[in-house]
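Peer 1: Chains as they are written, first to last, in this note's numbering: chain A, 1 to 143; chain B, 1001 to 1143; chain C, 2001 to 2143; chain D, 3001 to 3143.
Don't read these hints as lab results, they were simulated from the structure. Any given hint could be a false lead.
As the list claims (entries may be wrong) - FRET-style restraints, in silico, Cβ to Cβ:
1. D:Leu3083 to A:Gly125: 19 to 27 Å
2. B:Ala1101 to C:Gly2123: 26 to 34 Å
3. A:Ala142 to B:Ala1101: 40 to 48 Å
4. C:Pro2127 to B:Ala1094: 37 to 45 Å
5. C:Asn2054 to A:Arg97: 35 to 43 Å
6. A:Glu108 to C:Asn2054: 18 to 26 Å
7. C:Ala2101 to D:Arg3139: 52 to 60 Å
8. B:Gly1010 to A:Arg76: 48 to 56 Å
9. B:Ala1101 to A:Arg97: 32 to 40 Å
10. D:Gly3115 to A:Gly91: 32 to 40 Å
11. D:Thr3008 to C:Lys2128: 48 to 56 Å
To be verified - Stretch by stretch, here's where chain A covers chain C in the computed footprint (C-beta under 8 Å, at least three residues):
12. 2003–2015
13. 2018–2027
14. 2032–2046
Note that CB positions come from ideal geometry on N, CA and C, so glycine has one too.
In case you want the letters, here they are:
4 protein chains.
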Amino acid sequence: MTMEGTITSGVHRLPLRVYYEDTDFSGNVYHANYLKFCERGRSDFLRVLGIDQNAMIGGDTALMFVVRRMLCDFLRPARFDDLLVVETTPGEMAGARFELAQRVLRGEEVLFTAGVTVALIDGVGRPKRVPPEMLNAFRKAAR
Amino acid sequence: MTMEGTITSGVHRLPLRVYYEDTDFSGNVYHANYLKFCERGRSDFLRVLGIDQNAMIGGDTALMFVVRRMLCDFLRPARFDDLLVVETTPGEMAGARFELAQRVLRGEEVLFTAGVTVALIDGVGRPKRVPPEMLNAFRKAAR
Amino acid sequence: MTMEGTITSGVHRLPLRVYYEDTDFSGNVYHANYLKFCERGRSDFLRVLGIDQNAMIGGDTALMFVVRRMLCDFLRPARFDDLLVVETTPGEMAGARFELAQRVLRGEEVLFTAGVTVALIDGVGRPKRVPPEMLNAFRKAAR
Amino acid sequence: MTMEGTITSGVHRLPLRVYYEDTDFSGNVYHANYLKFCERGRSDFLRVLGIDQNAMIGGDTALMFVVRRMLCDFLRPARFDDLLVVETTPGEMAGARFELAQRVLRGEEVLFTAGVTVALIDGVGRPKRVPPEMLNAFRKAAR
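The following block holds chain A by itself, in its conformation from the complex:
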């Protein structure tokens, strides 16, 4: 099963369907739901890299990714029943932070773009350096 998407040339692509729950009475996808789609993309990007978020959180030194900043451009509306793709492209990493570029597409059409700053924190919210094995996984993916 490739529900979790695939990485090609350093870009993770996750297919997803627009359901009733994603729309609002304007007929289009509710704006905040693009952020959900992007979070699914990031979670499955980590999954494909072999990074187990559940193990990270439950481990001795609980680690969790949190979104610090997100610049969202809502370009064109997605609609009920659309088949979309979420693209996740890792960018710069420095200390406890890294950048990702994300897009939501319907075929060739770009509907939504986001620049995302993610931080790694421990169980009490302190920023933590990205561990070397995680860094390596990101770097391999970026090639």
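Model the placement of chains B, C and D on the given structure of chain A, informed by the hints.
Peer 2: Same frame as chain A, now just chains B, C and D:
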């Protein structure tokens, strides 16, 4: 502030507004969101009774209410901008379980009804008897 | 792509992943979200049957399925990262209404069951008989 | 009832409660839900100004506000049961677009800030100038 609603003759009433996020492309409130409205009603019913869910969960003997069963009747659609009221009426209590009747109204119109069975569980999911002080709070409210 | 699931022996099965958005601070899937999962199952069941909800809604005689009643049993909690399957089994049909049995499973474990009554309505909310071609599609699936 | 908040010195303030539905298994409010909170703030800001979104959408010349861009900073986590305030401060208006600054606070603590660009569109998605009576309402509020 009476954001958390009021209890009159044993019935808790919570006002709430329908926002974009609550609707779907049919133009009506998305069906699963009535369950969210009911959960807000139950949470604020406990709040008005002086039961602090946060303290319960964080305490030595973590206690949490979970929904076991819900019979939902979707009678008439709510729409964007509607001002609704969630009514919560406590019913029978026995051991770790109790029953609630809930309704969502727009003025006099009943839009949604639910019969809800809630259980009290501890941190590892085992059913726990409702503590006497909680029982007393429920009984006072029912008068 | 089999994102929309498959029908085997009259039962539609849709795989889905539990993301951050589906959980609440109890650590488990938020109860109302099982209804979203079931709605995805019903939508993709129609899709696999070749019934185009978008065309139905947009056509001259707008037709839409709405949930009238749902009896929900929350048996065991699903958790972050779980891979779930939504099973949809069509039941009795009579006039404008039909019954469906739905379950959410993690492997062999049944986490959630629902008995769902769905009605077909037109653009102004009046009940409409299920058209013969739709009935045929359901009957073929049930075999 | 002041459920819809109040405007003081040009800033609209809307109180809201964090419920189960708003949190995720990290224990904090799910990041995309701050956008829902902000949308509630904008809707109720319009309501307090006397602008009826429902009438706008349903009228001869359907008009709707859509978010074009949003720069979101997630500063500190909100948690279950928190009582929050959404602040909405209107900014520049030019043609079909205007800017808003929004913040989510818990007491004095700023948890989330957003710079929001909203556009007014008609029923087929074309940008429309903000009508003079709406402009006047905004300007009065800003004083």
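Peer 1: Does each hint fit the structure? Answer for all of them.
Peer 2: Okay, the hints, checked on the actual structure:
As the Cβ distance of D:Leu3083 to A:Gly125 is approximately 21 Å, the hint placing it in 19 to 27 Å holds. About 33 Å separates the C-beta atoms of B:Ala1101 and C:Gly2123, a value consistent with the hinted range of 26 to 34 Å. Between A:Ala142 and B:Ala1101 the beta carbons are some 56 Å apart, a value that contradicts the proposed interval 40 to 48 Å. Against the hinted window of 37 to 45 Å, the Cβ-Cβ separation of C:Pro2127 and B:Ala1094 comes to about 39 Å, which satisfies the hint.
A hinted range of 35 to 43 Å holds for the C-beta pair C:Asn2054 and A:Arg97, which are about 41 Å apart. Between A:Glu108 and C:Asn2054, the C-beta spacing of about 20 Å keeps the proposed range 18 to 26 Å intact. Hint check: C:Ala2101 to D:Arg3139, Cβ distance near 58 Å, so the stated range 52 to 60 Å holds. Judged by the Cβ atoms, the range 48 to 56 Å given for B:Gly1010 and A:Arg76 holds: they are separated by roughly 51 Å.
Range check, B:Ala1101 to A:Arg97: about 50 Å between beta-carbon atoms, so the 32 to 40 Å window is missed. The beta-carbon spacing between D:Gly3115 and A:Gly91, approximately 21 Å, falls outside the hinted interval of 32 to 40 Å. The supplied range of 48 to 56 Å is met by D:Thr3008 and C:Lys2128, whose beta-carbon atoms lie about 51 Å from each other. Counting residues of the stretch 2003–2015 of chain C whose beta carbon lies closer than 8 Å to any beta carbon of chain A gives 3, which meets the minimum of three for the stated coverage.
Under a criterion of three residues with beta carbons nearer than 8 Å to beta carbons of chain A, the stated coverage of the stretch 2018–2027 of chain C is upheld, 3 such residues being counted. Judged by the Cβ-Cβ criterion of 8 Å, the stretch 2032–2046 of chain C is covered by chain A as claimed, because 5 of its residues qualify and three suffice.
Violated hints, listed in ascending order, are 3, 9, 10; each of the other numbered hints is respected by the structure.
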